[in-house]
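Next come the chains, spelled out residue by residue.
There are 6 protein chains.
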Amino acid sequence: MTTLVEYADASPEVRAVFDDIMSTRKTDVVNNFWKALANHPATLRRTWESLKQIMAPGALDPLTKELIYLAVSATNQCPYCVASHSASARAKGMTEDMFGELLAVVGMANQTNALAAARQVPIDKQFQIPD
Amino acid sequence: MTTLVEYADASPEVRAVFDDIMSTRKTDVVNNFWKALANHPATLRRTWESLKQIMAPGALDPLTKELIYLAVSATNQCPYCVASHSASARAKGMTEDMFGELLAVVGMANQTNALAAARQVPIDKQFQIPD
Amino acid sequence: MTTLVEYADASPEVRAVFDDIMSTRKTDVVNNFWKALANHPATLRRTWESLKQIMAPGALDPLTKELIYLAVSATNQCPYCVASHSASARAKGMTEDMFGELLAVVGMANQTNALAAARQVPIDKQFQIPD
Amino acid sequence: MTTLVEYADASPEVRAVFDDIMSTRKTDVVNNFWKALANHPATLRRTWESLKQIMAPGALDPLTKELIYLAVSATNQCPYCVASHSASARAKGMTEDMFGELLAVVGMANQTNALAAARQVPIDKQFQIPD
Amino acid sequence: MTTLVEYADASPEVRAVFDDIMSTRKTDVVNNFWKALANHPATLRRTWESLKQIMAPGALDPLTKELIYLAVSATNQCPYCVASHSASARAKGMTEDMFGELLAVVGMANQTNALAAARQVPIDKQFQIPD
Amino acid sequence: MTTLVEYADASPEVRAVFDDIMSTRKTDVVNNFWKALANHPATLRRTWESLKQIMAPGALDPLTKELIYLAVSATNQCPYCVASHSASARAKGMTEDMFGELLAVVGMANQTNALAAARQVPIDKQFQIPD
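Chains as they are written, first to last, in the working numbering: chain A, 1 to 131; chain B, 1 to 131; chain C, 1 to 131; chain D, 1 to 131; chain E, 1 to 131; chain F, 1 to 131.
There's no promise every hint is true.
No copy is singled out in the list; a pair is fine if it fits within one copy or between any two copies.
In the DSS-like style, the derived pairs of lysine-lysine whose C-alpha atoms are separated by at most 27 Å in a straight line are [stated by the list, open to error]: (1) Lys26 - Lys92; (2) Lys26 - Lys125; (3) Lys26 - Lys52; (4) Lys125 - Lys52; (5) Lys92 - Lys125.
It is worth saying that the hints were derived from the structure and are not from the lab.
Isolated chain A (complex conformation) (with noise of 0.2 Å):
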């Protein structure tokens, strides 16, 4: 069983990480997922940094990452995920008309992904990687 690591209870090296996530953020809140991963502090600091990377605007903004990243956690079924990421997609702008296209796609891209497995599509001349 994890138990979820608490401020109080960490090491200096998980309460930077705790520190940098609540300055990132702009929040008080350390959500459960960090407090697990804290019982492998590598893994936290890793995980952490590669997300604060991967997450911050480029070429696709915020709320089109956190998009996607909802679109992910729905396809492998992912409760907890689906859960924060919903939150956090909320949190920066999506609407509830945004939320049914998304789902809408999804639900449909599942849908073609079965399809076109279970018909051996082979790939078009145009789609495919030259040699």
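The hints should help you fit chains B, C, D, E and F onto chain A, whose structure is shown.
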């Protein structure tokens, strides 16, 4: 083995869908996916009608929808779908940088989905659905 | 790289399984799947013995069992399994219409599975397991 | 968080779908899945219309279709879908023995799908799609 | 809804399997998984016999086998399986550090699996199966 | 379509990562996976740095880590990942018997994961996370 139904050999019902695909997409090419679905005309029509509605501009723009489609297809390991939807995304404006960032998010989501499951992370109070 | 174990090169233990496969299926062909499993004879024997029991007629007929096998294989994006089990299903009587309807159900199930996850739908009282 | 849209609070468009669900299924209960989808009326209507067509009797009977739905839902680890579709399958005549055999096939398919991938089994000539 | 078959209510065939589980594992507890499978005695017996053979010491030691089981269960998002196999792995000697490293590998594998699919990476000559 | 970035055409940033891959692995070959990731240098560097840390000897030895990587890749049906990580595992000492036992566990885990989901097995008291 699934055969691909070519326009020349298609029934009027199938041709009507193929015509709508080409006219909606302003192209004279029908992808193999649709030629394969044409073996079951009711599925061809229903899938195309749904896809046309879902991928149209709405609260989310068509490029964002393609990015989401691609995220799901990569997660599901569907080679045909990755090939066709990365082509569509590029046609709608996805740059190499956007593709790179999309994949970074998809990779990270697949990673943290597995970590959340393995750690059996309980959903935070603030993310829970109220009774 | 997995090599395929041919009958001529097989040990007596492997040949005994190959013989049973050919005699049970009334054919003189052993599929590549079994030739690949033959690299680990204990797995070959156990998998074949289980499969033979499971796919035999029972409360469900053999064709229904093949349809279910194909539904799982398409969902998992397994090209080998889709190819071999759609051939088996056709050999047991699956018509083009049955295949089309099977895929329509498989596609819809994959779609609604993702929607249920994304919406975090609570299980209805009437479906719940009593304590 | 997704709220469940109750009939009393639903728009006329949503009520029309709820009415059709109850009348088609000869029941006065609308499952939570549909109440959750009702947050996006276009998805509610499209999903219900598709499902109604797909699950109707055809080349496959309704029970066989439910078994296939359940096989996909178990493979995808969707708790809601397993709960609701095993209830539907029982209502349509699935006995305990049929359920047991269904699961045996689903389990075996998930096992051999992974084995085929891990062994990189090449598709047999007789199963290949001709060029 | 699946009921759990308790020893007191079990048939002689089921009791024989339960007895073997308890004697093999040197415990007087039968987990819910087996009580649930007992609704279909043939599946109970076949699954237990296979599991007993597969998880026994061999070229891989029992702890390594449990780590692999846990890796698959986390990837598949199976809450029951993660809970039971992380308990088994701890009982066989998995330390917190080993668990942390296991999860780091599982997370990275899930990440790079999606990246390889999305980039449609061709298999290197040196990894290919020869014709 | 993803192109493979060859060393001769690579930017200094990409070359630095390629050099580190070759020096760490004591080889003069860079696999296609890294050449494909090189289209997005930030992802190339981050993924390589994480992988190098994660796969290094620790509480688990490098071979055990490769076995786990392979188990996840087979479960996800990733052909590239299965091909490259089975080659790595063999290079680190995986024998044919070890590979056979690994696959037996992976197959069984995928089977019982589906059974646990389909039977909606409740988590045993002794496995539960305490509040």
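Tell me, which hint numbers fail for this structure?
Of the numbered hints given earlier, the structure breaks none, since each of them holds.
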